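A.B. asks: Going down the list, the protein sequences come from chains F and S. In this note's numbering, each residue's number is its place in the first sequence (first place is 1) plus 62. In this note's numbering, each residue's number is its place in the second sequence (first place is 1) plus 7.
It should be emphasised that the hints constitute simulated quantities derived from the structure, not laboratory data. Only a predicted model underlies this, so the values are computations on that prediction, with no experimental measurement involved. A virtual CB, placed ideally from N, CA and C, is assigned to each residue, including glycine. It is possible that part of the hints are untrue.
[Claimed, not checked] The calculated lysine-lysine pairs, modelled on DSS-like cross-linking and capped at a C-alpha distance of 30 Å, are:
(1) F/LYS393 x F/LYS535
(2) F/LYS275 x F/LYS127
(3) F/LYS127 x S/LYS435
(4) S/LYS435 x F/LYS132
(5) F/LYS275 x S/LYS409
(6) S/LYS276 x F/LYS127
(7) S/LYS435 x F/LYS168
(8) S/LYS435 x F/LYS275
(9) F/LYS275 x F/LYS132
(10) S/LYS198 x F/LYS275
(11) S/LYS276 x S/LYS435
[Unchecked claim] Residues of chain F clear of chain S, computed beta-carbon distances all greater than 12 Å:
(12) PHE76
(13) VAL103
(14) ILE176
(15) GLU202
(16) SER260
(17) PHE262
(18) ALA266
(19) LYS275
(20) ALA375
(21) TYR447
(22) GLY459
(23) TYR536
(24) SER537
(25) LEU552
(26) GLY560
So the chains spell out like this:
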Amino acid sequence: MGEYALLYILFAPFAGALALIFVSNRQPTLVRGIAASAAFVSLVASLYIFYGYDPVQGGFQFVQKFPWSKELGIALYLGVDGIGTPLVLASSILLFAGIFVSWHIKDRAKEFYIWLLILAAATIGVFMSLDLFFLYFFYEMSVIPMYLLLGMWGSHTKKYLEMTDPEGLKQRDSVGFIFNFGSNSKEYAAMKLVLFLSAFAVAALMGILLIYKFSGLNTFDILVLREQANLMNIPVLGTTLDKIIWILVFFGFASIAPIWPLHSWSPVGHAAAPAATSMLHAGVLMKLGHFSIIRVAFEILPETTRELMPIAAVLCMFSIIYGGFVAFYAKDTKYVIGYSSSSHMGYVFLGMAALNYISLSGAVIYMFAHAMATGMLFAMAGWVYDQTHTRDIPSLGGLSNKMPFISGCFIVGCMASIGMPGTVNFVAEIMIVVGSWNKYPLQVIVAMLGIVLTLAYLFKMMRGLFYGPMNQKYSHAHDAVGTVDRLPLLMMITISIGFGIFPMHLYEVVRSGVDPLIARITQVVPVAEGDEGLRRMKGEVKIGEYPALPMVSSKPITQVSEASRGGQE
Amino acid sequence: MSFTLNLSFSDLLLLLPEIFLTCWLCVVIIVDFVSPRLPKERLAYLSVGGLLATLGCLAWFDVNQVSGTLFGNMFVLDRMAIFFKIFILGSTILVILASIEYVDRFTLFRGEYYVLVVMSALGMMFMASANDLLSVFVSLEFSTLGFYILVSYLRDDLASNEAGLKFFILGVFAAGLFAYGISLVYGETGKLVFSEMASAPVTPGLIIGFLLIFAALGFKIGAVPFHSWIPDTYHGAPTPVTAFLSIAPKGAALAIMLRIFLVALGTFKPTWIYLLVAVSIVSMTYGNIVAIAQRNIKRLLAYSGIAQIGNVLIGLAAGTKMGNDAILFYLLAYLFANIGAFAVVIAVSQAIGRDEIEDYRGLGRRSPFLAFSMLLFLLSLAGVPPLAGFIGKLYIFVAAIKEGLYTLITVGLINIVISMYYYLIVVKQMYINEPIDPSPISISGPMKAVIYVGLTGTLVIGIYPQPFTDWVVAATLMFANFMTPAATAIPPSLLVGG
C-alpha cells in the first residue's frame, strides 16, 4: 500500500471493469461480487489516503509520476492535496454505496457495473490529476459512461415542462427551456447531457491548449505551469489573454458544476438516470466542475481569478434562488433533488468567489458534505421509484407506513441537505456564510433564503412521499430490510453525521490544501479589507517579498497558514 | 535529367518489397488459373501471406534504417515512405481478411478480387515512395485502376455500377487535372522532382499548376470541394472495398501531399496555409453536419471520413514537423478505428443483409461483442478518451496551436461535439433501442480477427501512445528542417544503409 495508494484507488475500478468483461451475466453473484470488491479496494485505499494525508506537511502527497508522452510533454502525474483528498474519498464512498444501491438490477447487470465503475474511476482520476492533459482526459472520459447508463438503464423523464404551482398555474424552467426541445425521453436526456458537457469541455480544452502554447514550457504539468507560466499582460482581441483563458476554463468546467444558466442538462440528466448514476452524478460528477476550476484557473491564473471571480459571485445567486424555486414547484422526486443539487452548487461557487481561507475551505467541505447528503436522497428516491414505479409526488403519499426505515433515513437526508447542526453540511454552510459575509453580504442573504427554500421544498417532498393519505395502488411497496439495502444509506448517514460531530481532521486536511492556494491568489494585492487571514499575513510577511512557492510535498508558506488558522479558531 | 538506368544490386534492395509483391501477385494469379476449384479463401490467405512477408521486409528496413533514392530521385525510400507502406499493407491485410466472407456474394471473378486488391496496394506502395510528379501520376493511376474495377464488383447491383461509373468519370477527370497541373509546373520550372522545385520563383502558371495538382489529390483524399464522389461510391461499392477505399488511398495520397507541401512548397507556406485552412474548415464542418442526416451507416462513415480528412489537414496546415508527426499518428488511429467499424458493418450486413442505421437496433443484445467494438470504434473516431482517436486529435491540435492556428482549432473542437451527436445516434440504436429480431449474430473467424486487431490498436494507442509517437517522430525525421530544401534531399552517400 503506502505510496501506491492512489494507483489502487484509480485502477481498482478499471481492473474490476476489465474483469467483468470476462464474466457472464448468468452469474449475478459473481458480477456483483467483482464490482463490490473493486469498489471496496478503492474505498479502503481512499480511507487510507484520507487518514494518511499529513495536513501539517500539506502540499501534494502520495505523488506518482510516469512519463506518458515525451513529444507532447505529458506524464501520468497523480497526487492529492487537501482539496483532492476529501473528494477522492467522497467518490469512492459513493461508488461503493452505488453498487449496493443498484444491487437488484436485473437487466444486463454486468454492463451496468462496468460503466458505473468506469464512470467512478474517471471522476476519481480527475481529482488526483496533476497534469492538465490527464485532467481533461479523465473529465471527458466520465461523460460517455453517463450516456450509456442513462440510455440503457434510465427511465423516461415525466412532466418536465408541466410543473404547477399551488393555484394550478403551469410553470416551466424557462432558462432550461432554451435548450429543451420538448422531449421527455431518456435518450433525449442522455444526448443533451453528453453534447452539453462535451461542448463546454472543448471550451476548457481550448483554454488548456492556450495555456500550453503561451506558457511555452512544452508541458501540461500543473505544478510546473503554476510556478513558471507567465500568461499575464498578453493583449488579445481587445483584452488580455489570461482573461480569455480564464473565461474559457471557468465556463468550460462550470457547465458541469452546473452554474446558472448552464444548468439545464443537469436536472433532466438526474431524472433520467438510474439511482446509482444519479448519486455519482450529483455527488461527485458535478464537483468535477468546481474542482477543475480550482485546479486549473485558481492554480495557474491566480491574479486573473482574483479579478474575475466576482462573475461567479453574481451567477451563484441565480443558481441558488432559481434552482430552489424550480425544485419547489417540480413534481418529480428526482427533479426536486436534481434542482436542489444545482441550487446547492451555488453555495460552493459563493464560497469559491469570496476567495478567503474560511469560505474556500467551506466550499470544499460543502462539496464533500453535499456528496453524502444528495447521495442519500437519490438512493432513497431510487428505492421509492423501484417500489412504486412512479416519481410523481402528488400521486404518492403515506409511504412511511410501508417503509419506516426509508422514511426515517429520508428525514436525516433532508436534515443533512438543509445543513442541520450535527451534520457535516452545517459545518460547511456556516464556513461559507461566515467567510463570504464581508465581501458578498447580498449573496449571503440570498444563500440564507436558499436555505429556507431548501427547507420548504424538501419538507414538501417528504410530506408528499411519506405522509398524508396513502395511494392504495402502492400498498405492495416494502421497506429496505436486507443488509445490502440498508448498508449504503447507513454508511452515508454515518459519515455525514460523523464528520458533522468530529470535523477536525477533515477541516485540517482541507485547510492544508486551501491555505497555499489562497495565499497565492491574494499575495499581490489585498482582495478585501475585511479579509482577516490576509491581515495576519501582512503582519508576518511583507508583500512582494513573498517566498516562491515550493514544489510538491514541501511546506508551502507554513507560517502564514499557521497564523491565519490561529486567527479563526 | 538523364534517365540512364544504372542499377546496382544493392539499389534493387530498395525496391525489394515492391518486386517481391509483384512476383507474389503473379503467383496468386497463376494459382487461381491453374486450380480453379481451389476454395477462394485459400487465395485470400495466400495473398495475406505475401503481404505479411512484404510487411516483414519493410519492418526490417525500418529497424535497420534502410533508405535511399532510385531512378534519378523519382523513387525515394525514406522512413516516411516505409511508414506509409506499412500503413497501406496493414490496411490491405485487414481488408482482405474482412472480405473473405463477403466475396461469396460476387457471382464471378472471385479469385481476381484478391489480385486486384493486392495490385492496388502495390500501386499505393509506389505512391508512398513517389518523389517526383511523373512517378506520382503513374503510381496514382496504377492504384486507381484496380479501384475502378473493385468498386463496381457487384455486377448485378445497380448501386455498385453507379458507384463505379461515378468514381471512374470523376477519377479520370481528376487525373486529367493532375496531368494538366504537371504540365504547367514542368513548363514553369523545368523540374519534376519535388526537392528540386523548392527554389523555383512564383509565377501564375506555377500557382495554377499546383492548385490543379491539389485538386486531384483532394479528390483522392475526399476533401470538401472535391468530395462529391465519396458518398455514392462508398454506398454502392462492396463494403470491404469501401473500407479499403476509405483508408489506404487516403494514406497514400497524404504521403504525396506531405511531400508536395512540405518539400516542394515548403518555402511558400505563408501562401498555401490559407488554402489548407479553408479546405480543412469546410471539410470538417460539411462532413460532420451532413453526416447527421444520414440513414445509411456506410454513408455516415463516408461523411465522417470527409470530416476526419478535415482534421488531418489541420496538421498539414500547421506545416511543421510536429504537424507531420501528428498526421501520421492520426492516420494510425484512423486506420484501426475505421477498419474496425467497417468490419462490424460487414459482419452485420452478412447477418441482416442491409446496412441502414436502423438495422443496428438492439445490436447490444444480439451481439454484445460487435456492439461493444462498434462503440469503441465510433468513439475513437469521435475522439473520446482513452481511445486512439482522442490522442490523435489532441496531437494535431497541439501541433496546430504551436503554429497559432486558433480559428482552425476552434472549428475542430466544435466539430468534435457535432460528430459526437451522429456517432451517438448509432450507439443509441445499438444499445438503447430494443431489437426487433433478437436472434444472435454469428461472426466468422477472420472477421473476429480483424475486429480484435482494430480493438487492440484503438485501445493500445490510446492508453500507451509512446511507442507509436516515437515511431512517427522517427519516420518524419527527414522533414525536420524541410524549410531549407537542400537538407531534404538524401545525400547519395547514404543510398543504401543497413
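A.B. asks: If a hint holds in the structure, say so; if it does not, say that too.
C.D. replies: Going down the list of hints, with the structure as the test:
| no. | hint | result |
| --- | --- | --- |
| 1 | F/LYS393 x F/LYS535 | holds (18 Å) |
| 2 | F/LYS275 x F/LYS127 | holds (22 Å) |
| 3 | F/LYS127 x S/LYS435 | violated (38 Å) |
| 4 | S/LYS435 x F/LYS132 | violated (37 Å) |
| 5 | F/LYS275 x S/LYS409 | holds (6 Å) |
| 6 | S/LYS276 x F/LYS127 | violated (39 Å) |
| 7 | S/LYS435 x F/LYS168 | holds (20 Å) |
| 8 | S/LYS435 x F/LYS275 | violated (37 Å) |
| 9 | F/LYS275 x F/LYS132 | holds (16 Å) |
| 10 | S/LYS198 x F/LYS275 | violated (39 Å) |
| 11 | S/LYS276 x S/LYS435 | violated (43 Å) |
| 12 | PHE76 | violated (10 Å) |
| 13 | VAL103 | holds (21 Å) |
| 14 | ILE176 | violated (10 Å) |
| 15 | GLU202 | violated (5 Å) |
| 16 | SER260 | violated (5 Å) |
| 17 | PHE262 | violated (9 Å) |
| 18 | ALA266 | violated (10 Å) |
| 19 | LYS275 | violated (5 Å) |
| 20 | ALA375 | holds (29 Å) |
| 21 | TYR447 | holds (19 Å) |
| 22 | GLY459 | holds (33 Å) |
| 23 | TYR536 | holds (27 Å) |
| 24 | SER537 | holds (31 Å) |
| 25 | LEU552 | holds (34 Å) |
| 26 | GLY560 | holds (36 Å) |
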